[in-house]
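Trainee: Spelled out, the chains give:
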Amino acid sequence: MGPPDPRQRFEEMYRANYADLLAYVRRRTGSPDDAVDVISETFTTAWRRIDEVPGDGQARLWLYGVARRALANHHRGEARRGALAVRLREELTAWDESRSPEDSGAIREAFRRLGPDDREVLALRSWEGLETAEIATVLGCSRGAVRLRLHRARKRLARELAVADLDVGRYGERALALLEGQG
Amino acid sequence: MNADIDRLVASIAPGAGPGVTPGALEMMDEITATGPAPAARRRSWPAGLAWPSARRMRLVAGFAALAVVTGWVLPGGFGAGPAAALDVRRSGGFFVVVVKDLYADPGRYRRELASLDLRIGIRVEPASPSAVGQVFVSAEDRATARAKGTHAVPSSPDITAIEDRKVCGYWEKCTIGVRIRIGYRGTGEISLGRPARPGEQYTMPGWLAAPGEPLHCVDFVNRRKAEVVRMLREHGVRDVTFAGYRAPVPDAPDSWYVHDGVMSSAGHALLLVDPAPHPKPVDVAQKCR
Numbered sequence: 001m002g003p004p005d006p007r008q009r010f011e012e013m014y015r016a017n018y019a020d021l022l023a024y025v026r027r028r029t030g031s032p033d034d035a036v037d038v039i040s041e042t043f044t045t046a047w048r049r050i051d052e053v054p055g056d057g058q059a060r061l062w063l064y065g066v067a068r069r070a071l072a073n074h075h076r077g078e079a080r081r082g083a084l085a086v087r088l089r090e091e092l093t094a095w096d097e098s099r100s101p102e103d104s105g106a107i108r109e110a111f112r113r114l115g116p117d118d119r120e121v122l123a124l125r126s127w128e129g130l131e132t133a134e135i136a137t138v139l140g141c142s143r144g145a146v147r148l149r150l151h152r153a154r155k156r157l158a159r160e161l162a163v164a165d166l167d168v169g170r171y172g173e174r175a176l177a178l179l180e181g182q183g
Numbered sequence: 001m002n003a004d005i006d007r008l009v010a011s012i013a014p015g016a017g018p019g020v021t022p023g024a025l026e027m028m029d030e031i032t033a034t035g036p037a038p039a040a041r042r043r044s045w046p047a048g049l050a051w052p053s054a055r056r057m058r059l060v061a062g063f064a065a066l067a068v069v070t071g072w073v074l075p076g077g078f079g080a081g082p083a084a085a086l087d088v089r090r091s092g093g094f095f096v097v098v099v100k101d102l103y104a105d106p107g108r109y110r111r112e113l114a115s116l117d118l119r120i121g122i123r124v125e126p127a128s129p130s131a132v133g134q135v136f137v138s139a140e141d142r143a144t145a146r147a148k149g150t151h152a153v154p155s156s157p158d159i160t161a162i163e164d165r166k167v168c169g170y171w172e173k174c175t176i177g178v179r180i181r182i183g184y185r186g187t188g189e190i191s192l193g194r195p196a197r198p199g200e201q202y203t204m205p206g207w208l209a210a211p212g213e214p215l216h217c218v219d220f221v222n223r224r225k226a227e228v229v230r231m232l233r234e235h236g237v238r239d240v241t242f243a244g245y246r247a248p249v250p251d252a253p254d255s256w257y258v259h260d261g262v263m264s265s266a267g268h269a270l271l272l273v274d275p276a277p278h279p280k281p282v283d284v285a286q287k288c289r
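These protein sequence lines map, in sequence, to chains A and B. Mapping of the first sequence onto UniProt numbering: position 50 corresponds to residue 50, and the numbering continues sequentially without gaps. Mapping of the second sequence onto UniProt numbering: position 274 corresponds to residue 274, and the numbering continues sequentially without gaps.
Chain B extracted, bound-state conformation:
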């Protein structure tokens, strides 16, 4: 008789909903970018901020460190000859690609990759001074990832970053090149930071304490909001926006703590603030060694 009552209840169950929709997958990405899990690495930012780079980072980084997100050491000689924007060498069945001319017309990069019979895309994006020259390597382009309804990009042995142990700003390693298997017919995308034009929003923002940024090597993490704003003003940054882990907090009290910060365009900083100090703050001094 219990079963009968249970069946009656089951018969009026409202529908279950549409399941895992593309929007649901997008929300998954947004959630993992909005607040760090206690054990997660800190490189995420709140949602609700129109900050394309955060999405780009998630897209490229994926969920299992599947792609490499690092800085970029430029080889010597900017614009070292009009012949090639990229330096491409063959090594053990792979192309080893290094950007020679950071300021080349994007079309030149594409043409040079295409001449190697590669379908790898390259994007050149406005970057904060410390992020100029940064590179993100992904085994899949954004359009493909979106079409599949996911931002998680699987790693591929066919296209990988070549890393140096040198620390680059916020990042723990520098990318010094991209290795692509000769004969690789799959997709891929390389994003490269270029200097921004006046007034242009960075899609590659720079960490406040990184070289070339207003608070280079200043230990601003876990200081009070008012103090960090004052420091920024002293360095000519007039516009400051405040974000919490879940939403923008334009009226955050001065006593809140700054957990992180980036320059989102020239003269405009974005601070991640919270009522409590960050339990595991980034060691700025260690990054500056």
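One chain only, chain A, in its complex shape:
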């Protein structure tokens, strides 16, 4: 038996990680069009570099890293075209429209006011549910740097929340304690 067929490997990786990658990209793009472009570019890169994609459950982190770069480099002019792109956009748009409008409350506003680096490290922790070491892999930095960045980002978010005069009963006493402790 030789090494696994690259297509078979890719298919297994794609099926195992597509939903997570779509979530990652969807949460960081403003429109279905951008999401389709970026996720397409991410997996196209993965296919072209299939030999470099790590196994042992690390593929998802590797893909997040590729998606991060794709998001950073994404230009609207490079939009994916063709019937399939239209179909994918329709699928995403239909999904968006089937949901109730998202709450644009104080937390979301406070989060938006953070810098992109702060938002990314907090989102990797809370949206993708990554541990410190996993975040370090995605961002290509040390665990210590991740811990520091998380600490600072949480502090900044806490300050933004304080500015927003958030409802303690709604968001928890411990969060308030955090705000006061940093005040």
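Simulated from the structure, these hints should not be mistaken for lab results. Idealized CB from N, CA, C, for every residue including glycine. Watch out, some of these pointers could steer you wrong.
[To be verified] Listed next, the stretches of chain A that the computed footprint assigns to chain B, with coverage defined by at least 3 CB atoms under 8 angstroms from CB atoms of chain B:
{"hint": "1", "region": "5-19"}
{"hint": "2", "region": "41-48"}
{"hint": "3", "region": "53-60"}
{"hint": "4", "region": "105-111"}
Knowing the structure of chain A, use the given hints to seat chain B on it.
Mentor: Below, chain B alone, put in the same frame as chain A:
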């Protein structure tokens, strides 16, 4: 307290999206057809080209060489009698099916398969001269595969190609027949290349260097675009379209390298071009031995 902040952030997570949709699976197929992975076998073509055969190849070939994609050695005697379009023999619990009459009415193939109590479909598709007689065997028909939202066709011991080691054009082996288990009640599909009518788009395109094609045994791979276009013109090919790995490149510079090429209809070639030479070019001379 970290946990509280993290929970607040989690509470505003935008939705994850619809997950693996049919469109997502189609994109998977398209991606694996748009550019070869370094270690992958080269038989793929870029997306964005209205080229049904590429999709058909992916459908039939699946992802793990699950079905067989090969050439076809015709048994002697085209139209060897109106009685049967197919030659069917029984051997060890299997039907061994060979196409006897390449030009038969498709209905005759179907009727003959149905008379064996088989649900195997057969499609006859317009093919480039070198692809006439090529056969693709799949254990599942396209409609079934599509309904399941996948193009990957699982292999089946019930319906398989019978191969010869002879090299057929681009392919490394020739299919000389199809073996179907007697009593098989599952689906399957056989695609067979027929000569195209004038002006008809090939759904089975022919590799440029294959026998019967304009650049038969000409080592065109990794030559500059302008040179290959000139060679094609010398052989009467007037229309040439250019594709890159990710999209059509109608204005590709003359200095780009040709990685691959097919005839997509009579007098119309499609070239896969790239700014850099292909690192592992197909050895045309070896294919011509």
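Trainee: If a hint holds in the structure, say so; if it does not, say that too.
Mentor: Going through the hints against the structure:
1. Only residues whose beta carbon comes within less than 8 angstroms of a beta carbon in chain B count, and the region 5-19 of chain A has 10; three or more means the coverage holds.
2. A count of 4 residues in the region 41-48 of chain A with a Cβ less than 8 angstroms from any Cβ of chain B is obtained; the coverage claim is therefore met, three being the minimum.
3. With a cut-off of 8 angstroms between beta carbons, the region 53-60 of chain A has 0 residues touching chain B; three or more are needed, and the interface restraint is violated.
4. For the region 105-111 of chain A, the stated coverage by chain B is satisfied: 4 residues place a CB nearer than 8 angstroms to a CB of that chain, which reaches the threshold of 3.
Hint violations for this structure: number 3 only, all remaining hints satisfied.
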